[in-house]
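Visitor: Hey, can you work out the whole structure from these sequences and the hints?
If you read the sequences in order, they're chains H and R. Using my numbering, read the first sequence as starting at 1 and increasing by one per residue. Using my numbering, read the second sequence as starting at 408 and increasing by one per residue.
Calculated pairs, PhoX-like style, for lysine-lysine (alpha carbon to alpha carbon, straight line, at most 25 Å):
no. : chain 1 : residue 1 : chain 2 : residue 2
1   : H       : LYS236    : H       : LYS185
2   : H       : LYS206    : H       : LYS220
3   : H       : LYS41     : R       : LYS448
4   : R       : LYS592    : R       : LYS813
5   : H       : LYS406    : H       : LYS185
6   : H       : LYS137    : R       : LYS544
Partner residues are not named here, just some residues of chain H that face chain R (Cβ under 10 Å, in silico):
no. : residue
7   : LEU45
8   : GLU51
9   : LEU55
10  : GLN70
11  : ALA115
12  : ILE142
FYI, nobody ran anything at the bench for these hints, they're computed from the structure. Since this is a predicted model, take the numbers as computed values, not measurements. Using N, Cα and C, we set each Cβ at its ideal position, and we do this for glycine too.
2 protein chains.
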Amino acid sequence: MKFGGTSIASIERIRNVARHIARERQLGHDIAVVVSAMAGKTNELAGWCEEAAKLCDRREYDAVVASGEQVTAGLLAIVLQEQGIAARSWQGWQIPILTSNEHGSARIKHIGAAAILDGFAARGEVAVIAGFQGLHKESGRIATLGRGGSDTSAVAVAAALGAVRCDIYTDVDGVYTTDPQIVPKAKRLDRVAFEEMLEMASLGAKVLQVRSVELAMVHKVKTFVRSSFDDPGGFKQGTLICGEEDIVESQVVTGIAFSRDEAQITLRRVADRPGIAAAIFMPLAEANINVDMIVQVASEDSGVTDITFTVSAADFARAQTILFKAQPEIGFSSQHGASDVVKISAIGVGMRSHAGVAALAFKALAEKGINIRAITTSEIKFSVLIEAAYTELAVRTLHTLYGLDKA
Amino acid sequence: MKFGGTSIASIERIRNVARHIARERQLGHDIAVVVSAMAGKTNELAGWCEEAAKLCDRREYDAVVASGEQVTAGLLAIVLQEQGIAARSWQGWQIPILTSNEHGSARIKHIGAAAILDGFAARGEVAVIAGFQGLHKESGRIATLGRGGSDTSAVAVAAALGAVRCDIYTDVDGVYTTDPQIVPKAKRLDRVAFEEMLEMASLGAKVLQVRSVELAMVHKVKTFVRSSFDDPGGFKQGTLICGEEDIVESQVVTGIAFSRDEAQITLRRVADRPGIAAAIFMPLAEANINVDMIVQVASEDSGVTDITFTVSAADFARAQTILFKAQPEIGFSSQHGASDVVKISAIGVGMRSHAGVAALAFKALAEKGINIRAITTSEIKFSVLIEAAYTELAVRTLHTLYGLDKA
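Guide: Quick look at the structure:
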């Protein structure tokens with residue numbers, strides 16, 4: 001069971017979390033719980049680090065910010081004990097959860113399950129685990145997994161313990177066909193395939209951290225997303241993220257995701273010669289800037305071409321500067337940028353066996369007067385880049401087109 | 408170097424702390440720094456624990472409250488690095504600082520100095536150590552040393568490293584002959600003997616934690632108390648706590664301490680028979696209540712006696728209840744209590760070689776009309792219990808009597 005920051009933002013809410021745990025205990029389950037820091041706490045700690053130094057030692061940053069989860073793990077253990085449930089807190093270094101040494105974005109390498117399993121067997125003890133953190137064994141220092149890393153901690157712990165299920169409690173009651181704030185008819189999905197969830201998370205759905213879904217997929221950890229604000233004793237609804245084989249009736253398109261974190265760059269009149277792509281994209285790669293959608297359009301003049309691609313909004317200014325510096329080598333006539341763009345994606349494992357799914361979308365969007373600036377497709381999803389002003393219209397159009405409005 | 412909560416209450420103050428450290432670095436010293444949590448932080452964390460459960464698991468309490476020092480250690484390391492000083496933070500379990508398992512009031516059993524000394528030698532690195540905390544080796548859990556325990560951490564680290572000196576930075580510039588708020592003529596002492604400081608701390612002076620002074624005395628760690636709010640580059644004044652052999656000219660009385668944390672209990676007409684002291688004091692000892700001053704006054708009637716003693720104000724109500732319950736066994740006629748009392752103490756190693764020091768005080772207090780309710784003496788101090796209303800008058804009287812007003 002994993003509880004995020006809003007679910008444990010006060011002692012009163014931690015008591016509610018304990019009621020969820022008590023219910024599962026009464027069903028006879030052994031339980032490991034992974035907790036985030038109280039809502040806002042990680043931002044406060046990270047803010048102090050930034051105030052201390054613009055570019056701070058990531059090892060020290062990790063030591064500072066990891067304290068937030070240490071606090072909530074201890075507090076939840078206290079509340080559980082108060083309710084008569086045997087419990088103890090575990091920090092990453094105590095278990096240990098061993099990680100790589102990429103401080104601030106470390107990856108989990110190994111989890112020692114023995115002590116926690118012993119706590120289940122010998123003392124019937126709920127293990128309350130500080131999420132987001134681990135220990136880099138060689139240096140003996142705390143490493144954190146990056147923002148939202150507690151989801152990843154939870155799935156990794158579930159895999160290490162051989163858990164039947166990983167329940168992610170959050171502030172929504174599951175994964176929806178799209179954002180209900182844009183499409184009120186959006187419906188909660190009972191089941192989503194790992195691959196679909198991975199695309200949704202990558203393409204803008206914020207329910208789960210991408211890496212946690214990857215991990216769940218690799219280790220086949222059934223992950224159930226539900227709300228911690230439900231009545232702890234009442235009916236439980238949510239979304240089960242599972243293997244395709246566990247989904248009886250799959251839709252062609254399962255969900256519509258969108259991401260506003262995009263920026264578009266167009267280089268005009270680039271020489272159409274071998275090695276031109278490398279000349280453009282190598283300097284960006286060296287600056288650790290990810291390029292997503294790429295479209296090359298032949299210019300009217302022969303021998304030159306226009307190239308459009310997207311980067312994340314955070315990298316926009318930096319990418320433009322790098323490209324201007326590289327202008328002599330690349331040889332473009334002008335650079336154009338736009339940050340008022342959005343990437344709309346449709347995801348569904350059914351696309352594998354259905355042809356022409358994306359083509360339907362291009363037609364429907366065109367009929368609404370929405371201009372598509374770039375397209376990418378993969379086996380189970382396609383994405384289009386459009387002007388941001390059309391976001392809601394485009395999402396609603398695709399949601400209806402693929403039959404997701406129906407009950 | 409040790410810095411308390413008010414010295415590191417913000418990033419701005421932490422920058423000031425770093426300037427003190429930079430000055431000592433420039434003098435060529437290797438430095439270990441022990442830090443407390445930011446002012447108010449430990450209270451906040453302890454408050455959450457209490458909200459979670461009135462009587463909480465002390466192991467979990469320790470895990471929660473130890474996080475405060477983890478944060479300041481990391482932040483100070485970041486600020487030092489920003490100023491070009493190699494530094495890293497150390498938590499209790501990383502060093503390790505091994506403790507007993509009395510969670511909430513653990514005692515330091517061993518400090519592994521090797522890694523810190525290696526940091527000095529190999530990387531010229533300032534070791535920034537989270538105070539107040541350690542690791543109980545057998546359980547692998549965090550144990551804290553009790554409130555104010557960072558002083559103890561600092562002295563213990565200094566002893567383990569074989570440090571030349573332990574500098575305690577606080578919000579006052581040293582140890583005074585008495586509280587300057589009561590006696591404006593009170594003077595900062597340049598030097599105080601370990602034994603004197605131990606008595607002063609035990610008898611009400613709040614500059615240092617009692618256990619830290621014990622530890623400094625046992626390991627002969629010269630401890631320098633000074634203010635962190637001084638100009639980091641300027642003249643440094645403070646009080647050196649050291650062996651008597653390092654004090655050239657010692658006063659008969661070094662300081663006047665007082666404690667308001669006292670309560671007086673009198674049992675009237677107690678049967679004057681063997682075993683009566685045990686009948687009174689055993690039930691209190693079993694309830695973990697410390698009895699301090701004891702006076703027995705023969706009653707006018709033969710065969711009975713009045714017994715007066717003091718307990719800490721916090722134990723007052725509990726002690727009274729216990730004694731009423733034990734009335735049949737003890738056999739007193741009535742119990743009288745008073746919490747409006749204060750214990751005034753005069754401390755000085757010179758008392759060992761001077762007779763009649765206390766007698767002077769009894770006379771001087773009597774001349775001012777101050778009634779003495781109880782007296783205790785030891786080799787280097789004496790204490791009198793008086794009515795609280797006379798506190799300031801008594802402190803000033805003794806301060807003048809023993810020549811402490813003079814420049």
